[in-house]
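Trainee: Okay, here's what each chain looks like letter by letter:
There are 2 protein chains.
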Amino acid sequence: MFLRVLMIGSGGVGDAAARIASERDFFERWVVADYDVTRAERTVAAVVGRRAGEGRFVSAQVDASSAEAVTQLALEHSATHVFNAVDPKFNMSIFDGARAAGADYLDMAMSLSQRHPERPYEEVGVMLGDEQFAVADEWEAEGRLALVGIGVEPGLSDVFARYAADHLFEQIDELGTRDGANLVVHDDDGNEVFAPSFSMWTTIEECLNPPVVWEKGRGWFTTAPFSEPEVFDFPEGIGPVECVNVEHEEVLLMPRWVDARRVTFKYGLGDEFIGILKVLNTLGLDRTSPITVKGVEVSPRDVVAAALPDPATIGPRMTGKTCAGLYVTGTGKDGRPRRTYLYHVVDNAETMAGYDAQCVVWQTAVNPVVALELLARGTWKGAGVLGPEAFDAVPFLDLLAAAKPEGYGSPWGIDER
Amino acid sequence: MFLRVLMIGSGGVGDAAARIASERDFFERWVVADYDVTRAERTVAAVVGRRAGEGRFVSAQVDASSAEAVTQLALEHSATHVFNAVDPKFNMSIFDGARAAGADYLDMAMSLSQRHPERPYEEVGVMLGDEQFAVADEWEAEGRLALVGIGVEPGLSDVFARYAADHLFEQIDELGTRDGANLVVHDDDGNEVFAPSFSMWTTIEECLNPPVVWEKGRGWFTTAPFSEPEVFDFPEGIGPVECVNVEHEEVLLMPRWVDARRVTFKYGLGDEFIGILKVLNTLGLDRTSPITVKGVEVSPRDVVAAALPDPATIGPRMTGKTCAGLYVTGTGKDGRPRRTYLYHVVDNAETMAGYDAQCVVWQTAVNPVVALELLARGTWKGAGVLGPEAFDAVPFLDLLAAAKPEGYGSPWGIDER
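Chains A and B are the protein sequences, given in the same order. Residue 206 in UniProt numbering is what sits at position 206 of the first sequence, and the numbering runs on without skipping anything. Residue 152 in UniProt numbering is what sits at position 152 of the second sequence, and the numbering runs on without skipping anything.
Just so you know, the hints here were simulated from the structure itself, not pulled from any lab data. One should not assume that every hint holds.
Cut-off 20 Å, straight-line C-alpha distance, at most; resulting in silico cross-link-like pairs (PhoX-like, lysine-lysine) [unchecked claim]:
#1 A:294 <-> B:89
#2 A:294 <-> B:294
#3 B:278 <-> A:278
Go ahead and model the full structure; you've got the sequences and the hints to work with.
Mentor: Next up, the structure:
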């Protein structure tokens, strides 16, 4: 089966996904749709320039906040898969729009949470993905697949969880996603500047929301932001980084399919970034609801994001590596205690040279393309609202790591501790 | 002579100035003008409610960015004095508009600076007040007075400088304005919240601009922000606060009229506020030029200010005292070394009870009203662009401190160290 993909969003991740996909043969049509059609056109021009005779990519304009617009565009292009590559605030309209068009759906972050009204730092309210899982039965009954959280984190981290459960561990104490980097951005004069490598809107959302933790027998619960600080030693020269609990999809996904005693997500924010997020919260600049400023209405969080460099543009001024991975503790298949970090490191110099994409964006983008290829081959198949850990991890990890042109040439590692 | 005052701006300071003035008899007309006429009307209603038969206050709408609009309104009301009570970014239009109307002028902050293009943290560029002093000769030739910087700081601090030179010191080593407070703001649930007691726009301006210092033989020069940290012990229970150099008018005013070896201004920002200002700078949120956010144009600094509580509204939820003062070191009239802190402390509880105004705003507002009364009496007179230290300090300090109804009932203190 050759897929017909409608990709919504050609920001950093969408653009990189199109560039990665252009090297593969599993699809016959890839529609690059964006609210700003000039961005979509730029992405299409870039991928056409990468490969002689490339005619599979077309651009389109779309309002991602309108399920009807998504449905109409999917039907127009006979899309088999709608691939959501925009901020998660648009998840539900794209998710609903894909279903109405009879297309399968993929995203890299799940529907947004709402904190518990009385006890936000102890109990969960509406959880990440709740709105999507609420209609899982309908998706399954219709034979349609919504593969949610298939970026790098969530995504590859969840694949690692399934791999650890199937092949490395007899019993798992903790599935602990740990994310860290040693990325530095410089300005034109060579001075180090603050420039987040990922969407600032999303970073604020996940870091200032109450972090969620799962424990067997207790279920999901929340803590205060930046809880349980831990210095984690990342591989391949990145070294120790201070990590803290944040709200992340892995904690909502992994317990549904993988047996463990505890599931956590800690992000290597580092001291400076934690300080910045605390100040934004103190000043009320993390808020998403509009305020009136000299007669115009703006969301403070949108202003914070707009004042910073676009993460998609900082690649040329960035150096360093980023690491996504899963630290698993428990009892190995041999019955002895085991502590294993499964990880994927990407060097910014390599993704810039190969794809003109900065490493965090590229690392997010490669995973849904691998998943789409497995779905095209029929290696992965399913119906309902499923996380990456619902599928066999081995073909995914093999295809990701295999050298080009068979695979994606992006190896992952295992570090026994 | 009974004055006819056109006050531009009825934010926190303008509103408090009108309330303070309503107890005095030196004027026959006080026009409260604001871009938002409902704010002006609210102030007029408040002062009319304070005194039976009060008919001297009227409201008006004005665009402070238009010199022509200021001139027209001043002529319409036969204003003898235009009192500028808005953000200093509007200084030049009000200053020029007053002169064109043949009125005298008062402000509480001087025209804005521009940093040195190549060496911002070593050399001055355009200095605070430069644009105003550039036309001092014309004001003097026309017999008109622009009394600049007559709030509390600058203002009362400059009066203290003149007093120290005339009555306390034979020779002055340093005129060091030192400002600190122990103010705390609570939310409705009693939790401490971050809520600056003065215009955030202006606080960012003065704290992130390169601080200016003056030294005899060297003149004015700049340093990096937050330089020369010093823990200063404030009187009346406030205690020690960390103070750092900031850009402030006193450093530009005092050397023009008072003999000293060094002139500095240090602000008791405290650690948290310094950290917040550094983050705003890191994120580019201190910038005043507009950026595009989801199709609308806004200045990031305006957004920061709008996201915080209006300083004029936090009085009821605030406790503590604020202190403005001048630390003078040198040789006393008796030829012996002397270190004297001249200061003015205001308790928020008192200004709220007496004027429904928070203390920092009230402390700023009282000084121009005292000055206007001295000008009305003819005790203070002059022509040109003059700072408060160009006038005899004694009648000002006496009128400020004297009990009501003769004076303003707000004593100042001397602390020998």
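Trainee: Taking each numbered hint in turn, which are not upheld by the structure, reported in ascending numerical order?
Mentor: Hints that this structure does not satisfy do not exist here, as all of them hold.
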